[in-house]
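Protein chains: 6
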Amino acid sequence: MKVAVSREENFNAAHRLFNPAWTDEKNDAVFGKCNNPNFHGHNYRLIVTVVGDPDPSTGYVMDLKTLSELINDKVLRQFDHKNLNLDSPHFRRLNPTAENIAVVIWNILRKELDIHLELKIKLYETERNFVEYPAH
Amino acid sequence: MKVAVSREENFNAAHRLFNPAWTDEKNDAVFGKCNNPNFHGHNYRLIVTVVGDPDPSTGYVMDLKTLSELINDKVLRQFDHKNLNLDSPHFRRLNPTAENIAVVIWNILRKELDIHLELKIKLYETERNFVEYPAH
Amino acid sequence: MKVAVSREENFNAAHRLFNPAWTDEKNDAVFGKCNNPNFHGHNYRLIVTVVGDPDPSTGYVMDLKTLSELINDKVLRQFDHKNLNLDSPHFRRLNPTAENIAVVIWNILRKELDIHLELKIKLYETERNFVEYPAH
Amino acid sequence: MKVAVSREENFNAAHRLFNPAWTDEKNDAVFGKCNNPNFHGHNYRLIVTVVGDPDPSTGYVMDLKTLSELINDKVLRQFDHKNLNLDSPHFRRLNPTAENIAVVIWNILRKELDIHLELKIKLYETERNFVEYPAH
Amino acid sequence: MKVAVSREENFNAAHRLFNPAWTDEKNDAVFGKCNNPNFHGHNYRLIVTVVGDPDPSTGYVMDLKTLSELINDKVLRQFDHKNLNLDSPHFRRLNPTAENIAVVIWNILRKELDIHLELKIKLYETERNFVEYPAH
Amino acid sequence: MKVAVSREENFNAAHRLFNPAWTDEKNDAVFGKCNNPNFHGHNYRLIVTVVGDPDPSTGYVMDLKTLSELINDKVLRQFDHKNLNLDSPHFRRLNPTAENIAVVIWNILRKELDIHLELKIKLYETERNFVEYPAH
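Residue numbers (numbering that gives the first Met the number 0), protein chains in the order written: chain A, 0 to 135; chain B, 0 to 135; chain C, 0 to 135; chain D, 0 to 135; chain E, 0 to 135; chain F, 0 to 135.
No wet-lab data here; the hints were simulated from the structure. Beta carbons: idealized from backbone N, C-alpha and C, even for Gly. Check before you lean on any hint, since a few could be wrong.
[As the list claims (entries may be wrong)] To give an idea of the interface, some chain D residues facing chain F are shown, with a C-beta separation under 7 Å as derived from the structure: (1) T22; (2) E24; (3) Q77; (4) V130; (5) E131; (6) P133; (7) A134.
Using the sequences provided together with the hints, build the complete structure.
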């Protein structure tokens with residue numbers, strides 16, 4: 000049976016939810032106050048989980064210090080204290096919902112990890128709203 | 000791969016654990032101080048998870064504001080600031096353990112959600128005791 | 000300068016807020032859903048703070064294990080898994096608001112502690128509602 | 000002795016820290032990544048404390064439902080899902096640091112409360128950074 | 000569908016991470032400050048999850064009081080306020096990483112539980128680092 | 000009125016509580032399992048509060064990034080992943096209770112801060128046990 004190891008990191012970002020193909024009225028109806036054209040923001044809590052077999056010589060699935068550095072280098076450096084819509088190429092055309100941010104982060108980190116390790120992302124947008132990808 | 004989205008809501012309720020088919024002695028032996036006939040109570044933390052594919056036009060699996068309203072309307076309105084044993088028809092004959100409350104909430108919400116969406120319930124009775132349904 | 004030491008304990012209780020001198024209409028208007036005659040309940044988080052000088056031979060203001068046992072013996076034994084209105088003589092005539100519960104607990108513990116130690120009570124009724132006595 | 004009652008509310012906002020009287024270089028040196036001209040954001044946790052004597056007929060210093068509605072009406076309606084620099088007249092000339100936001104909120108709520116009640120503000124900008132006003 | 004019930008307990012322990020087959024230089028390179036020969040320590044948060052069918056006569060998958068007593072008797076009695084490397088036979092030859100501690104706890108509790116109940120362990124070494132076994 | 004600004008940092012350390020002037024029997028009677036000669040450990044949550052007037056040109060009482068760096072440089076570098084009894088000169092003769100650790104940290108940081116700024120320390124040894132210095 001495999002072991003899952005998880006590391007939590009945080010980033011603080013501004014964003015706006017809207018679909019540029021829609022009218023202002025439709026965006027307001029669907030996204031409400033999240034559609035503020037001047038943006039709003041969140042403290043995102045990001046939990047990255049890696050699943051694998053512990054290395055018998057270290058007892059680690061993966062050194063969580065290494066995982067923390069990877070998340071900082073590849074994810075936080077481009078998202079922390081940024082405007083997701085304006086500062087990140089990932090969200091030029093993609094609406095920065097928590098669902099889409101989680102999938103983007105999964106795609107960024109997937110290519111950095113050993114193919115034998117499984118990867119899961121949990122992202123809290125607020126204390127009471129969060130998403131997980133993949134779902135299982 | 001699908002995405003899971005979750006919303007936390009809270010309700011504060013009184014309850015008593017006992018089996019009416021048993022003697023007082025057996026109820027005391029099995030349920031201890033949870034069997035107080037004058038009731039005790041909890042702040043229940045309820046986390047409702049919905050699994051599905053994000054809609055490409057919104058980036059949402061489901062608008063969490065809609066999910067919050069649904070939980071408030073269908074669950075909290077009948078459980079918050081209530082006595083689960085006396086005020087709710089669900090627990091006339093069913094012991095209001097955290098396990099049973101979670102299954103009741105799943106049954107209530109299941110019929111409100113699109114058939115393509117998967118539903119999971121996590122319920123904290125105290126900070127250190129919680130249940131999940133279904134388990135996987 | 001003195002040091003404050005604090006211990007958190009928890010109790011789960013049912014209660015109802017109302018003033019028996021008032022009509023049902025006035026109680027409903029003032030206390031709303033907290034006035035449910037069948038009771039509701041909470042997980043109360045209780046933080047007891049004792050202020051004094053550390054004993055040079057132990058480095059303790061007061062052994063927090065002793066404080067924990069005191070809280071369990073004098074407070075939790077009469078409030079945990081109880082109905083505050085029905086099971087406690089303290090609330091026969093006193094409305095069990097968080098304010099009043101905190102003052103009652105302060106009065107109970109004050110007589111158990113050395114006169115040279117200052118005592119403060121913090122009581123969370125929910126995650127978002129809490130009281131402190133004395134206020135400063 | 001008086002009792003303190005507290006209510007926590009949350010708002011999610013974008014902001015940028017800078018002093019318009021300074022050069023870009025000086026703003027970068029002082030405010031670092033908080034000076035991103037495209038803004039970043041936070042989930043602000045706001046705890047409002049009111050100190051007074053419990054009313055003998057209710058047991059309340061102040062009904063926390065009333066305090067919650069006041070915070071929502073007077074503070075959250077103008078700050079939640081907003082850009083503090085662009086959307087709020089309070090921060091046209093005032094840098095929206097946590098310190099300044101707390102003082103602004105205190106000034107807003109002070110005029111809404113009975114003169115006999117003392118008011119304190121605690122504001123978390125992140126899980127690990129927070130401010131209190133007044134300090135004592 | 001089955002229900003999962005979980006109980007959180009805590010233990011405070013010292014440990015040191017190293018591989019006795021390696022040189023000091025290699026241990027320093029791999030384990031860094033976790034390799035301090037004088038030990039360091041953690042407050043471990045342990046969440047034990049048991050999956051099964053609720054008993055129709057009690058509404059319990061398993062009485063969480065019983066589970067709490069089992070964890071205290073079989074796990075905390077040997078790990079709480081101990082030095083994992085020096086005081087526990089489990090870690091004489093096994094490096095006490097969070098991964099290995101979780102597997103050891105699973106093996107201890109597995110033999111105490113009914114064969115029809117599934118068992119899962121979640122162990123927080125710090126607020127931001129945690130492991131789960133089995134991973135799914 | 001002044002503003003208080005606070006920064007939370009964490010360190011993980013081993014310690015043992017005992018008085019070398021006492022017999023083993025007396026140390027066991029007073030300190031119980033905290034007297035394990037092989038040490039145990041904690042994740043300490045340290046909250047450092049600085050009180051002063053916000054600088055009108057920045058809106059800061061003190062840049063919390065500067066405060067964080069100061070805590071890391073002066074406190075965490077000597078306490079994190081250390082054995083407080085064996086690795087720190089502060090606790091050669093002083094029992095490393097939470098009370099004494101808080102006073103030591105206050106003395107370390109006091110000399111690093113502007114004389115016009117007031118300093119307060121809050122230290123969680125566990126989730127449920129914490130100390131504050133000075134108490135008011």
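Do the hints match the structure? See the list:
Interface restraint check: D:T22 against chain F, minimum CB-CB distance 13 Å, threshold 7 Å, status violated. The criterion of a C-beta within 7 Å of any C-beta in chain F is not met by D:E24, whose closest approach is roughly 15 Å, and the hint is violated. Annotation: D:Q77 was flagged as interfacial toward chain F, and the flag is violated, the nearest CB pair being 19 Å apart, outside 7 Å. Annotation: interface hint on D:V130 holds; nearest CB of chain F at approximately 5 Å, less than 7 Å.
Nearest Cβ of chain F to the Cβ of D:E131: about 4 Å, under the 7 Å cut. The hint holds. Nearest Cβ of chain F to the Cβ of D:P133: about 4 Å, under the 7 Å cut. The hint holds. Restraint check, D:A134 versus chain F: the minimum CB separation of about 4 Å is within 7 Å; hint holds.
Checked against the numbered hints given earlier, this structure breaks hints 1, 2, 3; the rest are met.
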